[in-house]
Amino acid sequence: MATIREKGYYHWDGRLEERRFPWWPITRTGIQLAFRKKWFKFVFAFGFSPAVVFLVLIYISERLEDFKSMFGGKERLITVNPKFFMDFLTNGFLVFIIVMVLVFAGAGLIADDLKHNSLQIYFARPLRKKDYLLGKMAVIFFFVLILTFVPALVLYVFKLVFAGSFRFVLEYPWLLLSIVGFAALMAVFFAFYTLLLSCLSKNSRYVMIIVFMIYLFSQVFYGIMQSIFRTPYMALFSIYENLLQAGAFLFAQKPPHAVPVVWSFLVLAAVCATSALVLTKKIRATEVIR
Amino acid sequence: MSIEVTNLSFRYGDIKALEGVSFKLGEGAVGLLGPNGAGKSTLLRILLGFLAPEKGEGTVLGYDIRREQAAIRRAVGYMPEDDCFIAGMDAVTFTAYFGELSGMPRQEAMKRAHEVLFYVGLEESRYRLLDTYSAGMKQRLKMAQALVHDPKLLFLDEPTSNLDPQGRIEVLQLIEDVASHKDIQVLISSHILADIETLCASVLILNKGKLAAEGRLEDLKAIDYSLFEVKVKGEDAAFRKDLEALRCRVDETEDRLIKIYMPAGMDRMEVFRAAARTGVQIRYFVKSQTKLEDLFAQVVGVD
Amino acid sequence: MTPVIETKNLSKWYGNVLGLSDVSLEIESGITGLLGPNGAGKSTFMKLITGQMKPNIGAVTIRGKRVWNDYRLFSRVGFCPEPDAFYEDVTGWEFLTGLLRFYGFTRAEAADRATRALAIVELSADKDRKVRSYSRGMRQRVKFAQAIAHDPDVMILDEPFSGLDPLGKRRLIKLVKDFESEGRTVLVSSHVLPEIEAVTSRIIMIHQGKILAQGDIHMVRDLIESHPHMISLRSPAARAVAAAFVDDASVLKMTFGTDGRSLVVETHNRDAFFSRLQAVVVEKGIEVDEIDSPDDNLQAVFDYLVGK
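Just so you know, the sequences run in chain order A, B and C. Everything in the first sequence is counted per my numbering, starting at 1 for the first residue and increasing by one. Everything in the second sequence is counted per my numbering, starting at 1 for the first residue and increasing by one. Everything in the third sequence is counted per my numbering, starting at 1 for the first residue and increasing by one.
Chain A with its partners taken away, still in its complex shape:
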């Protein structure tokens, strides 16, 4: 008795199923493709450096006696409270690194698909438009959250570990919620921001530049306007300043600008809404067959 396998086409005897998260392969692939870019790993790793610094500060704050000699009276500056966490999550360097990560990992998300016409084969699958968009956004959620929420959580846990007690939790019971809220806000905002720019062009290099430049320019513009007009409302022009305002609100701190916080939230929401509109219009599933 012998058998041979014939050349030619064979059928597959599995079943095609609807998975619970149809967008998951898109996210996973987006993340993998980002890591394949040469400089990305370095930029990404660099994004954890503020976390390391703040971790050290927490350690110092718990063992103040040991370090008394170094600080000579200024110890009170390092108190671990909501402001501490807000400082971590909103520090300029971290946000800058996040934008750089978006440049590498996010700029090409939709632009490349438009350039290489792959939308056709995506939508020839039982994939809805919202699955596609959600999958792409989740790539950005992943990177932003891993650079903000996860380190913040680690800092929180380490604070408890070093303090040796749960007193901290009781002192600031809603702190964890603030962390979650603000990290989520950043993730969602940056996702909409990046995808809006990514779907407007077929050239991902161009989008990379624009993602970076708009962020930078918004800050520069604010600086210029501020020096001319000297009104705090100019802060609404800067992405970073709006994030600061929102962060201050969520951590119950005093906002850095004399502008009602609700305006900042509105500006951020407006960007997200515009993005949602443009995305739904741009990704037209029926265009699959011209």
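Simulated from the structure, these hints should not be mistaken for laboratory data. Zero decoy hints are in this set.
Keeping only pairs whose Cα atoms sit at most 20 angstroms apart, straight-line, the calculated DMTMM-like set for lysine to aspartate or glutamate is:
1) A:Lys-202 with B:Asp-83
2) C:Lys-174 with B:Glu-293
3) B:Lys-231 with C:Asp-296
4) A:Lys-37 with B:Asp-90
Derived list of chain B stretches under chain A, where covered just means 3 residues or more per stretch with a C-beta under 8 angstroms from a C-beta of chain A:
5) 60-73
6) 77-85
7) 95-104
So, partial list: chain A residues that the calculated Cβ filter (under 10 angstroms) puts toward chain B:
8) Gly-8
9) Tyr-9
10) His-11
11) Leu-16
12) Glu-17
13) Gln-32
14) Arg-36
15) Asp-112
16) His-116
17) Ile-121
18) Pro-126
19) Arg-128
Beta carbons are placed, not taken as given, at the ideal position from N, Cα and C, and that holds for glycine.
Mind docking chains B and C on chain A? Use the hints.
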């Protein structure tokens, strides 16, 4: 019946893209033909589940075209006309990725991706980045992603355009092989009539939104009377006279092609006997059929 | 016949990448097909003929005059290039009349010629729409129109039928054949070999920068000795026919079809085979459905020469 539709109609604003289109498709490769603007892409969109028709009903692979569109897209493979790939990936990752998006579990998709890439002839280059692929390889890749989830119905949109002669023949052979499996229905849209004739057993011809012709190519091309095309070597004047004496009508076209209209009841052996008698050598002998090109022109009502 | 286009030892390199090497050709009036795999040198050849590039060695002459830098000659040459290259924001009409003015025609003449060219390619209805809004087939037709509008007597057409639906192709094929009867010279290049076969039986085949074959395709086929001629026969008595040839030394191979009604024979001596076949058919009363030569076409010749 893999596709059954009745009375499909669709309008874009004022333009009637499709009107009253009904047909049933069974086995074998089917060619979808029509002039530009005839409604082919609209029809394909409806059959692939992207568009619901304004009027009319239908099923594709048993799924309703209005209510079960996602199910249709799961079971159908589509090979688009344009180049499409994802930069930075290799063929295996690409094919497996789209297999997953169709609903295959990850490991199965990976296994199947390799199999399919072997089948389409990309085994040597399946680990290379797609950016380095030539035009012929990209066509095969598109075929691979259309086959990875083992669809029961394949739509191929202009599969051989923009390929050099070698590439075209190779892709044609691949499609012929796929179409030869009885349990895969293949629907091919193409402007290259020679390819449709090679690949398809039946055709659907659309014109101005309506179905202009439908059926097996053999039947559509058959001519009722006995018309034979013959090419000979040698001086053919005597040969032709001989046949005319037997009450045939004989025409000679350019290219020295001789058309013989035989009266009913006459045995075609007479042609050979006439050739033997007049000392010419028959080198080409074919019962005439309408060429697909002429059929197309007739049906579309031009010329 | 005096050749219209002549090249002697034509060679062109791009840096050290080979374009064409030592091509000496004479192209007469009428239609000639140009074929070859990708990268063989076809577009290099066309660019050299239309004077867009200067050869490294040798020269191209049209009616005895060198092509390079002879602008008067250009007005007698029409070129339909393969890639899309348009000013998107002008209308089809503006595009054509603009190009025609470059040839030195007055505004009235340009308008007249543009009208006629547009009518020939059946774009008269869309002439005032911007090129950006044209479909692929329409863009192809405008390209063709600009190649013929100035009434050139030499036409170089690179993939002229791509993007056209079967009717559009049919019309252009007829048009190209009309050019032949008007005494013009046309060089057509295409990857879809049946389309070349529809217009001409004279071909030039380029491969790896050199001329691989040239002439009438049937004669070229005859010259390929390494592949014996294939002749196919369909008949209910196919095997009986085969039996008659088994001891014929000039028959090299016989293959039976799986349906039992077909036979493919390979032989070096077609003459002997056909004579004998005819005799056998008449003698034994064999009912013949079909006799054909499956490899006497352009695709087969191409495959044999380019050597798959």
